[in-house]
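Protein chains in written order, with the numbering used here: chain L, 90 to 388; chain E, 90 to 388.
Fair warning: there could be bad hints in the mix.
Within a straight-line C-alpha distance of at most 20 Å, the following computed EDC-like cross-link-like pairs (lysine to aspartate or glutamate) qualify [said to hold, decoys possible]:
1. K323/E x E330/L
2. K323/L x D164/E
3. K323/E x E374/L
4. K323/L x E328/E
Some chain E residues judged to face chain L by a derived CB distance under 10 Å, without partners named [claimed, not checked]:
5. Y175
6. W262
7. S278
8. Q332
9. P334
10. T336
A few chain L positions that, by computed beta-carbon distances, are all more than 10 Å from chain E [to be verified]:
11. R105
12. R190
13. T214
14. I304
15. V308
16. G321
17. E328
18. S333
19. D346
20. R380
21. L381
No wet-lab data here; the hints were simulated from the structure. Treat the numbers as computed from the prediction; the structure is a model and nothing was measured. Think of the CB as a built atom: it goes at the ideal place given N, C-alpha and C, for glycine as much as any other residue.
Protein chains: 2
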Amino acid sequence: MKCRVCRGPAVIDVRRHNAAFCRDHFLAHCTEQVRRTISEHKMIGPGERVLVAVSGGKDSLALWDLLQRLEYDVDGLYLGLGIGDYSDESGRYAREFARSRNLKLHEIDLAADFGYTIPEAAAATRRPPCGACGLSKRHLFDQVAMERGYDVVVTGHNLDDEAAVLLGNVLRWETEYLARQHPVLPARSGFPRKAKPLVRLAERETAAYCVLVGIDYIVEECPMAEGNRHLGYKAVLNELERQSPGTKAAFLHGFVDRASPRFASAASEHSLQTCASCGAPTSGEICAFCRLQSRVRAQ
Amino acid sequence: MKCRVCRGPAVIDVRRHNAAFCRDHFLAHCTEQVRRTISEHKMIGPGERVLVAVSGGKDSLALWDLLQRLEYDVDGLYLGLGIGDYSDESGRYAREFARSRNLKLHEIDLAADFGYTIPEAAAATRRPPCGACGLSKRHLFDQVAMERGYDVVVTGHNLDDEAAVLLGNVLRWETEYLARQHPVLPARSGFPRKAKPLVRLAERETAAYCVLVGIDYIVEECPMAEGNRHLGYKAVLNELERQSPGTKAAFLHGFVDRASPRFASAASEHSLQTCASCGAPTSGEICAFCRLQSRVRAQ
Chain L
90 MKCRVCRGPA
100 VIDVRRHNAA
110 FCRDHFLAHC
120 TEQVRRTISE
130 HKMIGPGERV
140 LVAVSGGKDS
150 LALWDLLQRL
160 EYDVDGLYLG
170 LGIGDYSDES
180 GRYAREFARS
190 RNLKLHEIDL
200 AADFGYTIPE
210 AAAATRRPPC
220 GACGLSKRHL
230 FDQVAMERGY
240 DVVVTGHNLD
250 DEAAVLLGNV
260 LRWETEYLAR
270 QHPVLPARSG
280 FPRKAKPLVR
290 LAERETAAYC
300 VLVGIDYIVE
310 ECPMAEGNRH
320 LGYKAVLNEL
330 ERQSPGTKAA
340 FLHGFVDRAS
350 PRFASAASEH
360 SLQTCASCGA
370 PTSGEICAFC
380 RLQSRVRAQ
Chain E
90 MKCRVCRGPA
100 VIDVRRHNAA
110 FCRDHFLAHC
120 TEQVRRTISE
130 HKMIGPGERV
140 LVAVSGGKDS
150 LALWDLLQRL
160 EYDVDGLYLG
170 LGIGDYSDES
180 GRYAREFARS
190 RNLKLHEIDL
200 AADFGYTIPE
210 AAAATRRPPC
220 GACGLSKRHL
230 FDQVAMERGY
240 DVVVTGHNLD
250 DEAAVLLGNV
260 LRWETEYLAR
270 QHPVLPARSG
280 FPRKAKPLVR
290 LAERETAAYC
300 VLVGIDYIVE
310 ECPMAEGNRH
320 LGYKAVLNEL
330 ERQSPGTKAA
340 FLHGFVDRAS
350 PRFASAASEH
360 SLQTCASCGA
370 PTSGEICAFC
380 RLQSRVRAQ
């Protein structure tokens with residue numbers, strides 16, 4: 090197995106590109122994929138300030154590293170979710186990455202700052218924990234970005250993540266979610282722009298990137314996600330990818346190019362007002378984040 | 090396990106309906122599903138003449154039986170594909186079904202009437218055989234329907250078939266195919282209406298229907314289809330259905346209801362002329378069926 094670029098010994102093959110790479114050319118390949126994604130979807134403009142949502146996992150740390158390599162002005166935000174040892178450990182990886190590179194990492198701790206943890210929120214709502222978790226993350230990433238003057242929030246969603254979400258949305262034809270599933274969502278009143286610069290990299294590639302760069306990350310998956318549908322969709326897509334390399338990329342990028350515009354009219358156009366409790370933009374009187382906090386407090 | 094309708098002993102459960110049925114109420118359930126599908130999509134009007142494409146398998150024979158039960162005026166068309174023992178045997182089942190019920194079965198034999206078999210066509214085109222087979226079927230079903238005054242051609246595509254085709258079209262976002270994937274396609278100049286009345290029945294149900302009614306059918310799958318992508322998509326959908334019963338039906342019917350109209354504009358609107366060789370409607374000078382015959386002859 091030889092590097093496609095220099096013909097030296099390769100350390101990884103990427104079947105859907107029908108290519109193998111040595112260490113340095115693999116890192117260059119990943120960087121180029123991210124550069125191209127940012128450029129194609131106009132994710133980050135010149136001089137803009139970027140906030141990366143950092144979980145301590147391979148994707149978010151690789152993303153932070155890649156954006157630095159591309160010379161963007163990027164700070165991190167780590168959210169302590171209160172998921173026992175998993176959260177303690179993931180926080181240590183995020184902090185260590187920032188410390189070793191002298192980068193700025195904002196931190197919010199759900200328990201200390203807002204009086205609840207994700208397991209408590211799941212118990213209070215009697216719904217799968219991923220719902221309360223996603224809601225909390227979105228709210229707080231947006232809030233920190235707006236308050237501290239970041240132009241764009243970037244997240245480490247990779248090709249596998251996005252293809253699995255797309256499959257779930259397509260299997261149920263969730264037209265409103267399909268209307269919003271895009272690598273970049275423009276800013277609108279009260280919300281920053283949001284972007285996913287890793288949609289051209291598979292999770293195997295972000296893991297290899299971290300190993301080759303020497304980034305330590307939390308390897309365990311979130312223990313609360315076990316058995317959720319998303320993992321079933323990933324398994325199914327892995328099987329299809331094995332039978333036909335390139336399936337996931339064709340599925341996701343084909344959607345963005347040829348199908349996504351057809352669902353634009355399904356986007357709900359709620360008029361936004363200001364949450365009476367926290368001041369965040371919301372379609373109701375009280376935003377979903379504040380309603381979640383009330384429910385947990387009422388337990 | 091008790092019948093949902095009469096509480097007698099059940100012979101089959103249908104997990105996506107969360108129901109079990111005795112023999113008689115299962116047959117009534119299947120009949121009602123087909124009646125409702127025909128009505129919802131206006132597949133067959135009062136007094137119209139129906140041509141059912143009969144392969145000798147469970148789906149097409151169940152469909153012929155069900156349409157008779159619903160008192161439609163239905164004749165059959167069997168196409169001899171020249172696929173060795175498989176074709177010999179499937180022809181026997183089709184003829185025996187028609188003979189035992191005194192039904193009219195038209196027959197065309199590709200080798201005797203058109204000078205080629207599907208294996209020969211596949212060799213000549215150097216493409217998977219399913220392409221030449223589908224092309225030959227569509228052409229000849231249309232031709233017989235138009236020449237003999239049938240209003241609509243119906244085929245035995247079931248829920249599993251249609252969901253697998255849909256998954257393939259969605260994974261590659263084949264917008265033109267998505268624009269045409271519908272339980273009914275209206276007649277247009279030179280083409281009869283085409284309909285799929287079994288889209289609400291899974292293949293396990295059409296098989297059970299045949300067994301319970303006492304219809305003998307060819308159990309083997311076509312030997313030429315082995316290893317094609319369609320079977321991989323069926324396997325993946327079976328796994329998702331196992332994890333979450335109702336997945337296939339929600340996927341297919343959700344597409345028809347909420348997504349299909351969004352792809353209508355992707356349908357190619359070729360202006361049709363008359364094939365210089367056979368007179369069939371075609372977008373070119375010579376239709377694809379006549380071009381296929383020429384290629385086989387040139388071998």
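Hints and how they fare:
1. Using a Cα cut-off of 20 Å, the hinted pair K323/E and E330/L holds, with the two alpha carbons roughly 15 Å apart.
2. Between K323/L and D164/E the alpha-carbon distance is near 46 Å, which puts this suggested pair outside the 20 Å criterion.
3. At roughly 46 Å between alpha-carbon atoms, K323/E and E374/L are farther apart than 20 Å, so this suggested pair is violated.
4. A hinted pair counts as satisfied when its Cα atoms are at most 20 Å apart, and K323/L with E328/E qualifies at roughly 12 Å.
5. Of the supplied interface hints, the one on Y175/E is violated, with its beta-carbon coming no nearer than about 25 Å to a beta-carbon of chain L, more than 10 Å.
6. The beta carbon of W262/E is positioned within 10 Å of a beta carbon in chain L (closest approach about 4 Å), and the interface hint is therefore held.
7. With a least beta-carbon distance of about 28 Å to chain L, the hint placing S278/E at the interface is violated under the 10 Å criterion.
8. A distance limit of 10 Å between C-beta atoms decides the matter here; for Q332/E the minimum to chain L is near 5 Å, and the interface restraint holds.
9. Because the closest C-beta pair between P334/E and chain L is about 13 Å apart, greater than 10 Å, the hint is violated.
10. This hint holds: T336/E has a C-beta 6 Å from the nearest C-beta of chain L, less than the 10 Å allowed.
11. Listed as outside the interface, R105/L is consistent with that label: its C-beta sits roughly 13 Å from the nearest C-beta of chain E, beyond the 10 Å cut-off.
12. With 10 Å as the threshold on Cβ separation, the claim that R190/L sits away from chain E holds: the shortest Cβ distance comes to roughly 40 Å.
13. The claim that T214/L lies off the interface holds: its Cβ sits roughly 21 Å from the closest Cβ of chain E, which is beyond the 10 Å cut-off.
14. Here I304/L stays apart from chain E, with its beta-carbon at least about 32 Å from theirs, past the 10 Å limit.
15. Residue placement check: V308/L keeps its beta carbon more than 10 Å from all beta carbons of chain E (closest about 26 Å).
16. Some Cβ of chain E comes within 10 Å of the Cβ of G321/L; the nearest lies about 5 Å off, and the non-interface call is violated.
17. For E328/L, the requirement that its beta carbon stay farther than 10 Å from each beta carbon of chain E is not met, with the minimum near 6 Å.
18. The claim that S333/L is not at the interface with chain E is violated, since a C-beta of that chain comes within 10 Å of its own (minimum 7 Å).
19. At roughly 8 Å, the least C-beta separation between D346/L and chain E is not larger than 10 Å, which violates its mark as non-interface.
20. For R380/L, the condition that its CB be more than 10 Å from all CB atoms of chain E holds, with the nearest at approximately 28 Å.
21. For L381/L, the condition that its CB be more than 10 Å from all CB atoms of chain E holds, with the nearest at approximately 26 Å.
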